[in-house]
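**Student:** Top line first, the protein sequences correspond to chains R and P.
Quick note: the first sequence uses the working numbering, first residue 16, plus one each step.
Quick note: the second sequence uses the working numbering, first residue 16, plus one each step.
Just so you know, the hints here were simulated from the structure itself, not pulled from any lab data.
We put the CB at the ideal spot given by N, CA and C, even for glycine.
One thing to keep in mind: the hints can contain errors.
[Said to hold, decoys possible] If you want a taste of the chain P side facing chain R, the calculated C-beta under 10 Å gives, among others: (1) L131; (2) L134; (3) I256; (4) G258; (5) D308; (6) T326; (7) G338; (8) V339; (9) F353.
[Unchecked claim] Here are a few chain P residues that sit away from chain R, every Cβ distance over 12 Å (derived from the structure): (10) R44; (11) V67; (12) E106; (13) M116; (14) H204; (15) K216; (16) V244; (17) Y250; (18) L255; (19) L281; (20) H301; (21) R352; (22) K361.
[Said to hold, decoys possible] Chain P residues, not near chain R, derived (Cβ > 10 Å throughout): (23) A41; (24) L51; (25) E69; (26) A76; (27) W99; (28) S102; (29) P105; (30) D175; (31) H186; (32) T220; (33) A237; (34) A240; (35) P331; (36) A350.
Now for the letters of each chain:
Protein chains: 2
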Amino acid sequence: MAQQHLEPTDPLSGHVRQVTGDALAAYLRSQATEFLRALRQHRESGGAAAGVEEHVDAARALRRSVRRVSASLHTFRPLLDTDWSESLRPELAWLSGTLGMEHAYESRLERLLLALHRLSGAVFPTQPTAAVPSGSARTAPAPDRGNLTVGAAKAGALLDRQLTLARTRAHSTGLQALGSSRFHAVADHIAVLASEVPLTKAAPTTGLHPYAAAAQERLEVAVTALPLVTAGHPYNAEALIHGLSPDPSPHPQDAPWHQVRLLLRLHRYAREVLAGDGPPVDLRLHTAGPCLDRHRDASEAAAAAAAAARTPRIAPATAYALGVLHADQRHEVEAARFAFQQCWQKQAVNS
Amino acid sequence: MAQQHLEPTDPLSGHVRQVTGDALAAYLRSQATEFLRALRQHRESGGAAAGVEEHVDAARALRRSVRRVSASLHTFRPLLDTDWSESLRPELAWLSGTLGMEHAYESRLERLLLALHRLSGAVFPTQPTAAVPSGSARTAPAPDRGNLTVGAAKAGALLDRQLTLARTRAHSTGLQALGSSRFHAVADHIAVLASEVPLTKAAPTTGLHPYAAAAQERLEVAVTALPLVTAGHPYNAEALIHGLSPDPSPHPQDAPWHQVRLLLRLHRYAREVLAGDGPPVDLRLHTAGPCLDRHRDASEAAAAAAAAARTPRIAPATAYALGVLHADQRHEVEAARFAFQQCWQKQAVNS
Numbered sequence: 016m017a018q019q020h021l022e023p024t025d026p027l028s029g030h031v032r033q034v035t036g037d038a039l040a041a042y043l044r045s046q047a048t049e050f051l052r053a054l055r056q057h058r059e060s061g062g063a064a065a066g067v068e069e070h071v072d073a074a075r076a077l078r079r080s081v082r083r084v085s086a087s088l089h090t091f092r093p094l095l096d097t098d099w100s101e102s103l104r105p106e107l108a109w110l111s112g113t114l115g116m117e118h119a120y121e122s123r124l125e126r127l128l129l130a131l132h133r134l135s136g137a138v139f140p141t142q143p144t145a146a147v148p149s150g151s152a153r154t155a156p157a158p159d160r161g162n163l164t165v166g167a168a169k170a171g172a173l174l175d176r177q178l179t180l181a182r183t184r185a186h187s188t189g190l191q192a193l194g195s196s197r198f199h200a201v202a203d204h205i206a207v208l209a210s211e212v213p214l215t216k217a218a219p220t221t222g223l224h225p226y227a228a229a230a231q232e233r234l235e236v237a238v239t240a241l242p243l244v245t246a247g248h249p250y251n252a253e254a255l256i257h258g259l260s261p262d263p264s265p266h267p268q269d270a271p272w273h274q275v276r277l278l279l280r281l282h283r284y285a286r287e288v289l290a291g292d293g294p295p296v297d298l299r300l301h302t303a304g305p306c307l308d309r310h311r312d313a314s315e316a317a318a319a320a321a322a323a324a325r326t327p328r329i330a331p332a333t334a335y336a337l338g339v340l341h342a343d344q345r346h347e348v349e350a351a352r353f354a355f356q357q358c359w360q361k362q363a364v365n366s
Numbered sequence: 016m017a018q019q020h021l022e023p024t025d026p027l028s029g030h031v032r033q034v035t036g037d038a039l040a041a042y043l044r045s046q047a048t049e050f051l052r053a054l055r056q057h058r059e060s061g062g063a064a065a066g067v068e069e070h071v072d073a074a075r076a077l078r079r080s081v082r083r084v085s086a087s088l089h090t091f092r093p094l095l096d097t098d099w100s101e102s103l104r105p106e107l108a109w110l111s112g113t114l115g116m117e118h119a120y121e122s123r124l125e126r127l128l129l130a131l132h133r134l135s136g137a138v139f140p141t142q143p144t145a146a147v148p149s150g151s152a153r154t155a156p157a158p159d160r161g162n163l164t165v166g167a168a169k170a171g172a173l174l175d176r177q178l179t180l181a182r183t184r185a186h187s188t189g190l191q192a193l194g195s196s197r198f199h200a201v202a203d204h205i206a207v208l209a210s211e212v213p214l215t216k217a218a219p220t221t222g223l224h225p226y227a228a229a230a231q232e233r234l235e236v237a238v239t240a241l242p243l244v245t246a247g248h249p250y251n252a253e254a255l256i257h258g259l260s261p262d263p264s265p266h267p268q269d270a271p272w273h274q275v276r277l278l279l280r281l282h283r284y285a286r287e288v289l290a291g292d293g294p295p296v297d298l299r300l301h302t303a304g305p306c307l308d309r310h311r312d313a314s315e316a317a318a319a320a321a322a323a324a325r326t327p328r329i330a331p332a333t334a335y336a337l338g339v340l341h342a343d344q345r346h347e348v349e350a351a352r353f354a355f356q357q358c359w360q361k362q363a364v365n366s
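Only chain R is shown next, with the shape it has when bound in the complex:
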């Protein structure tokens, strides 16, 4: 991917269209508006009458706009009022982290229960499940224990207990956060942003391309540092190395991939800013991104299975099932790296 790919050309003149700080302001205004709309929807759907699905959609939309505002503040920092952006960025990171936890625990549990069923050779029952009383959605499937071995069933029950507890706590933390004065301060900032973006004096006429190109370069440098040759060999067995290591933080090998995932997101959002209302951002980024999401999800699910196995006084059959599950998710990690390598290679060839 060369830098000129970032430069949208005018379909009529064929000339490169100069995208400036004005486009950044428009993008930030629209994301702030999205945030306010999602927040209103979230508050309305929090009531007893509203649907769970609507509530979940609103939470997702909130996180979505927070991530984009935060990323834009990072990538286009020199074009924005320094004090304003430096004070807002950590608040957005806090909000994004807090709002994401509940969903993370929920999807982690769902992933692990699905894997347990797959490993048990059980036909998976897709049942609509009831919402938990707190109003948050419960999309994790109810495991049909009849099809599982004792070990798999006990492992499923243990994970269900631990991750549901974590999710419930995250839900409470999220509700507290949304009611806090800290949140209201962030919301006020974003409300201002919806009408007035604090650009620097020069920004409206400053080109955005160098900043977007820098984001892309940071991504490419990080990808270059990944062990892509190994990842491109199927069944390289790298992801399970250290799977039984005495090291309590067993997978430092995942960190560079997580970092690339974040840089890919920054690059993608930067391209969104440049594209404005134009055609959608390069579809290839939409295939590389999910590979890295899958990598992150499997990595965290594997860690959750390992953590559950450290619960005192569990039965050996439970521990055995958690060991199989851990290894299964580590192989998912390896599979995700392979998929990313394939996707990235294709991108490099095509561009």
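Add chain P to chain R, keeping to what the hints say.
**Tutor:** Coordinates of chain P only, in the frame set by chain R:
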């Protein structure tokens, strides 16, 4: 691979050389001679003064010739005296099975301990290990427990105990077998075979190709029934399905692959008979075969880890490590299938 690939051409005339029962007789005589040589070496090396390595080599050579004689009796059955071959074949199967057990347990333990070390991220210490008192070789590495977690170390110790016991028993059974009157009867038969092969009357001038072609066809039909499309997709996660199934015989999916392994061996030996002293048998068979050996070894190692996890009163950490190990070996099974698919596909394209 079409049938004419089986027909060796005369390098001078370019014509297909007709290989008849005479070549089968020569092959059987030479394999019987190999057997007798290996048996003599085995007996000599069984004494206190002889080296362990020599003893192991002799045992391997014994198994090697027994397999080839047995396979030839099967593939070229109609060319041999029926009563003679029908009475000898089950005896060869018994001998081959009995002699192979000790080596199987030994290499299974070695595979599992190596995997435990890999999973622990430990640098593997390759130490020459002492022979067990019975005179059998002990090539399994001594695990350096200091690099392992408690669970991995305990799992390694448990497997070491169980598989060493099984190997010691197999060693005794093997010694008993070699001293039995049943064995002496087989050895007498093979001694006769070294000088006089009981061909049918028509056999010396009967062509071998149709029989070898039939062996190849049986192989190809069996390969066609394998799920090669799935196997060709890396990380298809098929091998671990049913990994936690309540089914006590958890991997019926392996059976067709084991069957192809045996048919590939029959095909290879049939080609050896046809090649005589000529050029070596198609090298591609030598790449497909090891994939299926690896498949079988990993399948059995995974089963041994699962069986060890059913030992009563083991610690949860031990069971967890055995679960990780089981899943690791099931992924080896999947990797071996992928490797076979790649190799077979290449063969199909080239032929």
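**Student:** Hint by hint, note whether the structure agrees.
**Tutor:** Verification of the hints:
| no. | hint | in the structure |
| --- | --- | --- |
| 1 | L131 | holds (7 Å) |
| 2 | L134 | holds (4 Å) |
| 3 | I256 | holds (6 Å) |
| 4 | G258 | holds (5 Å) |
| 5 | D308 | violated (16 Å) |
| 6 | T326 | holds (8 Å) |
| 7 | G338 | holds (2 Å) |
| 8 | V339 | holds (4 Å) |
| 9 | F353 | holds (6 Å) |
| 10 | R44 | holds (43 Å) |
| 11 | V67 | holds (31 Å) |
| 12 | E106 | holds (40 Å) |
| 13 | M116 | holds (27 Å) |
| 14 | H204 | holds (44 Å) |
| 15 | K216 | holds (53 Å) |
| 16 | V244 | holds (15 Å) |
| 17 | Y250 | violated (3 Å) |
| 18 | L255 | violated (6 Å) |
| 19 | L281 | holds (28 Å) |
| 20 | H301 | holds (21 Å) |
| 21 | R352 | violated (10 Å) |
| 22 | K361 | holds (15 Å) |
| 23 | A41 | holds (42 Å) |
| 24 | L51 | holds (43 Å) |
| 25 | E69 | holds (35 Å) |
| 26 | A76 | holds (33 Å) |
| 27 | W99 | holds (46 Å) |
| 28 | S102 | holds (43 Å) |
| 29 | P105 | holds (36 Å) |
| 30 | D175 | holds (16 Å) |
| 31 | H186 | holds (30 Å) |
| 32 | T220 | holds (50 Å) |
| 33 | A237 | holds (23 Å) |
| 34 | A240 | holds (21 Å) |
| 35 | P331 | violated (4 Å) |
| 36 | A350 | violated (3 Å) |
Going through the hint list in order, the structure does not satisfy hints 5, 17, 18, 21, 35, 36.
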